[in-house]
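Engineer: The lines below spell out each chain.
2 protein chains.
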Amino acid sequence: MAPVTNGRLLFNEIPTGYPEPGKTTVYDTSQTIDLENVSLRGGSLVKVLVLSSDPYLRGRMRDVTIPSYSPAFPIGEPLDNHGIGLVLRSEDPTLKAGDHVYGILPFEQYTIQERGARLHVLKNEVKIPWSTYIGVCGMPGQTAYCAWKEYALAKKGEVAFVTSGSGPVGATVIQLAKAEGLKVIASAGSDEKVAFIRSIGADVAFNYKKESTLEVLRKEGPINVFWDNVGGETLEAAIDTAAVGARFLMCGCISEYNGQPPYAVKNLSLIVGKQLKISGFIVFNLLAKYGQQFYAEIPKRVASGEIKYLEDATRGLENAGQAILDVQKGLNKGKKVIVVAEA
Amino acid sequence: MAPVTNGRLLFNEIPTGYPEPGKTTVYDTSQTIDLENVSLRGGSLVKVLVLSSDPYLRGRMRDVTIPSYSPAFPIGEPLDNHGIGLVLRSEDPTLKAGDHVYGILPFEQYTIQERGARLHVLKNEVKIPWSTYIGVCGMPGQTAYCAWKEYALAKKGEVAFVTSGSGPVGATVIQLAKAEGLKVIASAGSDEKVAFIRSIGADVAFNYKKESTLEVLRKEGPINVFWDNVGGETLEAAIDTAAVGARFLMCGCISEYNGQPPYAVKNLSLIVGKQLKISGFIVFNLLAKYGQQFYAEIPKRVASGEIKYLEDATRGLENAGQAILDVQKGLNKGKKVIVVAEA
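Residue numbers (numbering that gives the first Met the number 0), protein chains in the order written: chain A, 0 to 342; chain B, 0 to 342.
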């Protein structure tokens, strides 16, 4: 078989505001690959099926000299993120042709993975769509599950407030909270998203662009658990309406990722008197403790329909730059997945 | 014996800025008491010896309809706070004449305490000054001890930053941190205070009015534990220079107690990536867990000279209003105690 084009999405330029397709990222078709003969050097050849577009990717579009919890993208190289692949050939004893794998994959159609690359073979005994393994059954679901277990310390009858409620993290949090008997207040940025979060059980669901978060929380709170994907003014409203001893789970800060001036929070003195417990976290550091439990539990609950999810697919790696931008702008309707190949 | 004057410091008016003696509080000598014949109704008659002036009192000078962790002072009534008293007469079986007691006492020279008032009889087997039982061996020392035990999770070799380092809370924290092998950075608002915090073991001590907290922390950090008595810009500097996984112990926010406009903190998004753990707390809720341990350990360490403290006494209840103001302005040199009577 002749070599085929290996399309790649390259990181082209550090953005100052939103990451622009064609400027921040560029789709490149200059590379080819001979799938039958390319040397594996003891590793494996993986066909990339689905890639994930997540809010945190914006943080990786920075100068490589700035340290953070996840590595910066080097200019001129393909982006990478959690994805699902199909092993085509393998010299790595832990993988075999036909395996579906989950792990950090480059934004390219085909990839040679070194021996010992940390790819998790998906058994998928419950027969759910492969793409769910980058959403509710992947990193976003793990984020929700692990951090909720570690930090929510929720009791039946308490009140939780979840932002970005229709995203894969927020939607999972809502359902975990409901399953534990909490009253759940959740917000999102469109009426369609609000309808979805209501359909998965949120007791109070609202469009934060139409209703004041502070007013809703004043009416429906005080809140005992706050899941923060947003930061800024939303965080200030949550502090204002927090119950004594509330737990704040600090997962993200999308309100500041794209060059927006940071909103200055003015009510932090309430942390003392309300005895708030505020925990920032990164899922990678919680997986050792909860990862096994997660895979034993969540795919089953998804397969049974107990945990619902919403997926928003972009087809074609050439459209991945737009898929990344859409998530930064909150234009995705549910978990944004990039379908690179159908099988 | 004829009735004697019972001087009282009354709460006169809710302040908008600093609590002004003669305006916010008024010293009143209109009441008399017959020490031998006054009816105890099953309680006890206590002579107030020493009262405590603490930063948190400012929060109690509010409208009684505003809820908070400690009760508001009613207008026209004496203030109250932790103090040391001497039991003169008692019908309460848990107290006897001659006992020294610790507990919440009104700002008056003599007080009738109901039976079952929560007064703790001080044994003082280690023979330290009674006044230390409202400082390093009282509520401020308990605050430092209990919260450090619960939230610092410190490891030898880590770096702690302590604000208000010469106050009774901060000075105790510095010494607890040093005893556990941490490098301690501490700040205070005068060179005299800085000299004291250096004398009790702080590795880096600075006058925050002369040096930039942010610059000192950039040079001496990153910090693993932050003891916050101040809030505002200091908190922002601590977030900026925190190590991954740092613990923030939120004890107070003196920068905002007296009507100063709250400083707006702009870098809260760092909480996520740095995985900070921020804990607000109130000592009253930690005492059940650590109180017994505290009394078994700290008075001994004070008596042996291992834990040092600095006391700043104001003599005469008529000067208590000024003693309260001085603490709000940071003019006290060490633990501010109000000596109401010598014995």
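In short, the hints are calculated from the structure, not lab data.
Treat each hint with caution, since some may be false.
The list treats identical chains as interchangeable, and a pair is accepted whether it falls inside one copy or across any two copies.
[Stated by the list, open to error] The calculated lysine to any residue pairs, modelled on SDA-like cross-linking and capped at a C-alpha distance of 20 Å, are:
id	residue 1	residue 2
1	K154	V37
2	K276	S67
3	K46	E317
4	K218	P66
5	K265	S67
6	K148	P260
7	K22	L85
8	K177	A194
9	K46	V125
10	K265	G58
11	K209	S189
12	K328	D91
13	K122	H99
14	K332	D190
15	K126	E341
16	K265	G16
17	K22	D79
18	K154	E219
19	K265	D239
20	K288	Q274
21	K265	E255
22	K218	T64
23	K177	E296
Engineer: Any hints this thing doesn't respect? Which numbers, in order?
Structural biologist: 1, 6, 7, 9 and 12
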